[in-house]
Amino acid sequence: MILHGYWRSGASYRVRIALNLKGLGYDLAAHDLRKGEQKTADYLALNPQGMVPALQDGDLIVTQSPAILEWLEETHPEPALLPTGANDRAAVRAMAALIGCDIHPLNNLRVLKALRSNFEADQATVDAWAAGWIVPGFDALEALVARHGGAWCFGDAPTLADCYLIPQLYSARRFNMDLSPWSRLLAIEATAQAHPAFASAHPDRQPDADA
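Sequential numbering of the sequence shown, starting at 1, is according to my numbering.
It should be emphasised that the hints constitute simulated quantities derived from the structure, not laboratory data.
We put the CB at the ideal spot given by N, CA and C, even for glycine.
Mixed in with the good hints there might be a few duds.
[What the hints assert, rightly or not] No more than 25 Å apart at the CA atoms, straight line, and that leaves these computed lysine to aspartate or glutamate pairs for DMTMM-like:
id	residue 1	residue 2
1	K22	E189
2	K113	E189
3	K113	D127
4	K39	D210
5	K22	D88
[Claimed, not checked] For each label pair, taking beta carbons as the anchor points, the in silico distance ranges come out as:
id	residue 1	residue 2	range
6	H76	A190	33 to 43 Å
7	A45	D127	28 to 38 Å
8	D88	N118	20 to 30 Å
9	S180	D156	22 to 32 Å
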């Protein structure tokens, strides 16, 4: 498999975690978003949206990280990243969507570029914008982890929810946020830092980091 991504992309980060958790090897095709490499003709032929990540497996191209993660779960079911039972699976998917739908899209690179170029936002304004969406999301997620969590977001094994959480915590720090109000999320992060699948997926450990 080939993962088309970018070292600092939160969506690419979550896919790296899932691939590692499932023990799947892959080659990296790096596309520097700062240079617009995701908009080249060759890449647009693979992914017409011109965004990362995209996962290539032979002739198959899967785009959008939620679709990639669900595809991995269906085609490589062990170890499972969703619990058994429809109710529990819905709980995990809800936590993942809380981040993937309601937090992350509002602080990704193209939105931040628009804030800076269209509205002349300085870094303090950008940080405040990001925090405005992250804070209520993390408040809700902290409550859901209190309801469902153990060592991880749901129970005592990593799930798709953790694949979403860890990159979002990394992103929050880039916006100079104080994360101390969310002790349960930080405890999960500490557990993840000691897990090889999460540690090796960290942006700073990617071959294209600061390329």
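Against the structure, the hints:
1. Our distance criterion of 25 Å between C-alpha atoms is met by K22 and E189, whose separation comes to about 19 Å.
2. Proposed proximity of K113 and E189 is contradicted: the alpha carbons are some 28 Å apart, above 25 Å.
3. At roughly 13 Å between alpha-carbon atoms, K113 and D127 fall within 25 Å of each other, so this suggested pair holds.
4. Between the alpha carbons of K39 and D210 the distance comes to roughly 19 Å, so the proposed pair stays at or under 25 Å and holds.
5. Taking the CA atoms of K22 and D88, the gap is about 20 Å. The hint holds against a cut of 25 Å.
6. One distance hint, 33 to 43 Å for the beta-carbon pair H76 and A190, is violated here, with the actual separation near 27 Å.
7. Here the CB-CB span from A45 to D127 is close to 37 Å, well matched to the stated 28 to 38 Å.
8. Under the hint 20 to 30 Å, the C-beta atoms of D88 and N118, about 42 Å apart, miss the expected range.
9. Checked against the given bound of 22 to 32 Å, the beta carbons of S180 and D156, roughly 24 Å apart, stay inside it.
When each numbered hint is compared with the structure, violations occur for hints 2, 6 and 8.
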